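Number of protein chains: 2
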Amino acid sequence: MLGRVRPSYEDKARLKEISGAILDRIEHLASVRGIGLKAMLVGSAARGTWLAGDHDLDIFLGVPETTPLQAALEIARLVAPEHDEKYAEHPYVHARVDGFEVDLVPCYLVEDASQLKSAVDRTPFHTKYISRRIAGLEDDVLLLKQFMKGIGVYGSELKVGGFSGYLVELLVLCYGSFPGVLRAASSWRPGQLIDLEGHAKKAHDEPLVVVDPVDSKRNVAAALTMDKMLQFAAASRAFLAEPSLDFFFPGPATPLSDEELLAQLKARESSLILVEFQAPPVVEDVLFPQLHKAEESVRALLERNGFRLLRSDVGSYRDRAMLLFEMEVWQLSRASRCLGPPVWEAEHLSKFLAAHPRPLSGPYIAEGRSVVELPRKYTRAQDLLAEELGSLSLGKHLSWAVRSGHNIYVGPELLRIDDEGFRVFLARYFQARARMG
Amino acid sequence: MLGRVRPSYEDKARLKEISGAILDRIEHLASVRGIGLKAMLVGSAARGTWLAGDHDLDIFLGVPETTPLQAALEIARLVAPEHDEKYAEHPYVHARVDGFEVDLVPCYLVEDASQLKSAVDRTPFHTKYISRRIAGLEDDVLLLKQFMKGIGVYGSELKVGGFSGYLVELLVLCYGSFPGVLRAASSWRPGQLIDLEGHAKKAHDEPLVVVDPVDSKRNVAAALTMDKMLQFAAASRAFLAEPSLDFFFPGPATPLSDEELLAQLKARESSLILVEFQAPPVVEDVLFPQLHKAEESVRALLERNGFRLLRSDVGSYRDRAMLLFEMEVWQLSRASRCLGPPVWEAEHLSKFLAAHPRPLSGPYIAEGRSVVELPRKYTRAQDLLAEELGSLSLGKHLSWAVRSGHNIYVGPELLRIDDEGFRVFLARYFQARARMG
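Sequence lines, in order, name chains H and W. Heads up: take any position in the first sequence, counting from 1, add 405, and you land on my numbering. Heads up: take any position in the second sequence, counting from 1, add 405, and you land on my numbering.
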């Protein structure tokens, strides 16, 4: 088991060799140009806690606060002539070097982590804090990371909303071992606080609060959603009750076949409505929050109009983004009640009556209020969506993408999307199974 | 106008003659048997406030509290050898005499209305109170009665839930005239209090409280529903703004033709579900409260199962009783969410999971709670109703009637009921128009 998650001796040697070469090249380039710069390997590669098969190197280019970050960025560009430039809080460089995905990130060298100028400046402090303490516990970190990967809660990117690598390391430090973490997590509930240095300075309202040992005001688990936190808690309990390799390596999700999709539609007798469009050219950490925002806007639109959702989800496949809505109620009567003012508010009442001179039924009185029955504009959820989607505020990238063209698929029309990524998404959607015991 | 509501001279003479003859006969029969009994004409006939065309005589047979009511009942039976026996709080006799509907009601002669042994003992006090004061205002009473009849709020029987004759008379006494009542009612709202004698002794929570001048603890308007009260208020305002004979004589409701029924179904695109059965052999004052109770039970059943009502109504035609439900949502997905305990309640959670070993989807976590999706038993409102109606508690008479056999008609199946009374009921249902301005 550990053999599958622990990097081999050869892997370790190769990582050391390649990262060493890059660090040397950076410092050489800096000294040639007379820039005081410190190159640092950070992240799991630096701490000996990277999972076998991962080939990510995070290398930071630290400059004093008096030097512009631009100087470090220019060196990063020279290190890897073939590269992409990316952008988080500041620009950085991403390149493939000998099979490794290397991020070259300029940052400031600050005195201590509470004085940082940008979020990335904190990272070297994390590496320093963990490296000193994690010795002997690397395997526990690897097991916990793989466990979380297996149950789908690993990764602090917004698409996942799960546990970051640093958070995993802190949990192992806090509870002493992989099983120790699972035992503790088994009884977690929202409001759980972990403060290794006992120096919490601020109240947080996230469901799990892990005070950053290097920055007492920061919650390391701020990006963790309550559902992912509790998914981990429930899976921990289930694993301890009945351990199985399956938790770590659940096997790949198989894409839904046409027959399986039809069988699902038949068993669920719901109305599935998919809105699908060209994904805007932004990173997932920008795309997914916008997709979720759009999901909420559409949900509200549907519910405001009397329809009812069973569940919804968002996702992407190839270069497409999508919003999926499963309706519990997708068809309404044409006649609908329109509530007027209380009957004794004479002026409001006359305005109300004047505004509805020819109702389907009424005006009548119900529980003291005037009521008319009027024809509803949309009796089917899909018509409402088709007509009103464009006028929702969807966030700038999505708004543009949706307006440039989108498709709506309802029920069996989903069969027309014969894409493996999409069918895996559907398979996961229908299963919707979290490990619990 | 007044000519249509005011009894003619001949009518009055005839009423006087016939009621006089009956009163004489009662007192003769009583004295022959040595019973101290006082025969009294009560109600609108006694007060000169009966509407032209009404031929109801209420004659009370009062005995001292020491005499059993049975003695008076036996005399009533002799007065009209061909009669029905009816039952309110106590038995009474109903007969047709020379074209009049005569009720012969035994009661006790009590000292004052606060010491009554039965509700009917109060009636002679009402007659005494009104007769003395109403002189000169009879036409106003007649106009108000006819106005209320025209807009559908006259009658304190439970089927109507409107204004009783006595209540109409008190309103005229209070506000001095027919237009005076309308002006005052125009600004009524729930909580309105009228206390002619200024002797209210008790708080009531009905929407209109009219303290009985002969019994300070009683609300004369206790049977008036809030909707009928406000319907009268709204119609009063509308009439004063634009008076029209139409309020008094709205013309008969025409039964819905097949074409009109189909046009309604098409315009409303709702699902109409009619439950129809042999009316139990009870008076309307027993039948209608039970129908309304059944309506509420079915409503709750439908809503508990996720369906949504637009409106509902109850009624009767010929010897049939019916419950009508118009659905805004009548079709649901087979898949439905079943909410389990919060994930951290380990014991509850395992029981929940064990109870649902093979859900359609899940278990998953949503807002901290475990959720599974299960197949719903009934996806159509009509199936739920057909299956579960028999197991609802419907009140004893209805329960028996429904279980002995009922029909369910959905949408266009309503065409199969080709009965004028039913079609008038439907016409009124679809129109559902109260006079407002």
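Hints are computed from structural coordinates only; laboratory data are not their basis. Be aware that a few hints might be false.
Heads up, the list lumps identical chains together, so a pair's fine if it works in one copy or across two of them.
[Stated by the list, open to error] Simulated pairs of lysine-lysine, DSS-like, Cα-Cα distance not exceeding 30 Å: (1) 671 to 782; (2) 443 to 671; (3) 533 to 564; (4) 756 to 554; (5) 756 to 671; (6) 533 to 671; (7) 491 to 533; (8) 622 to 421.
It should be emphasised that the depicted structure is a prediction, and the values quoted were computed from it without experimental measurement.
| request: Output the numbers, in ascending order, of every earlier hint that fails for this structure. | output: Those not satisfied are hints 2, 6, 8.
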